[in-house]
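Enquirer: Put together the whole structure using the sequences plus the hints.
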Amino acid sequence: EDQVTQSPEALRLQEGESSSLNCSYTVSGLRGLFWYRQDPGKGPEFLFTLYSAGEEKEKERLKATLTKKESFLHITAPKPEDSATYLCAVQGPGGTGKLIFGQGTTLQVKP
Amino acid sequence: NAGVTQTPKFQVLKTGQSMTLQCAQDMNHNSMYWYRQDPGMGLRLIYYSASEGTTDKGEVPNGYNVSRLNKREFSLRLESAAPSQTSVYFCASSLGQGGNQPQHFGDGTRLSIL
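Order-wise, the sequence lines are chains A and B. If you're matching positions, the first sequence starts at 125 in the numbering used here and goes up one per residue. If you're matching positions, the second sequence starts at 273 in the numbering used here and goes up one per residue.
Treat the hints loosely; a few may be bogus.
On the chain B side, residues computed to face chain A include the following (Cβ under 8 angstroms) [what the hints assert, rightly or not]: (1) G314; (2) L315; (3) G330; (4) P333; (5) Q373; (6) Q375; (7) H376.
Covered by chain A, per the in silico footprint, the following chain B stretches (three or more residues, Cβ under 8 angstroms) [claimed, not checked]: (8) 336-347; (9) 377-383.
No wet-lab data here; the hints were simulated from the structure. Using N, Cα and C, we set each Cβ at its ideal position, and we do this for glycine too.
Expert: Shown next, in the form of structure tokens:
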């Protein structure tokens, strides 16, 4: 069964304290792994797509990496405005476009 | 740029009432999706429409129906609401179904069923 597990469930950082969020997945035939950011009361906002092991993508203080079993979202020198819930999702084979989401990691960055 | 627009933003229903949640996108996307988000459960797919004129069941379709009205609009209907359907509902769209097509989400409808 296709599954996505994110850890930790919650993370508190001081401003400037770098860390990583983990997304472990099991899917037969990965077509894409997606990272989203969700602010309270809002819908998920697309951040990155990764397709193959070894791939990396960067955006400001965020860098996403992918291996055959997991993805990491590295946050370098975070700021309070980076506080949000970060969601990971995978798309398996079949061409339907269906995504399987993890439960998310809620990040709080204190000034 | 509106993106994906959902109406209403909030709704309270009584058990047994019916309701339609509306979703429209202005990005000329082909595929549209309905999810529900519950605490501790993550986002779960209810129904999706790969292209205009087609709809298919997702992970949790029971108690719901959908209509792909045209390329822009995809509605979700609760025929007889139940307390278990209290949730936040998100609509999303993507250019196509391929692995390189991210889904873009609306800001959700918060639905409470008493």
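Enquirer: Now tell me if each hint is right for this structure.
Expert: Each hint tested on the structure:
1. G314: holds (4 angstroms)
2. L315: Holds. Min distance 4 angstroms.
3. G330: This interface hint holds because 7 angstroms falls under the 8 angstroms limit.
4. P333: violated (12 angstroms)
5. Q373: At 7 angstroms from the nearest chain A Cβ, Q373(B) passes the 8 angstroms test, so the hint holds.
6. Q375: holds (6 angstroms)
7. H376: holds (6 angstroms)
8. 336-347: violated (count 0)
9. 377-383: holds (count 4)
Checked against the numbered hints given earlier, the structure breaks hints 4 and 8 and satisfies all the rest.
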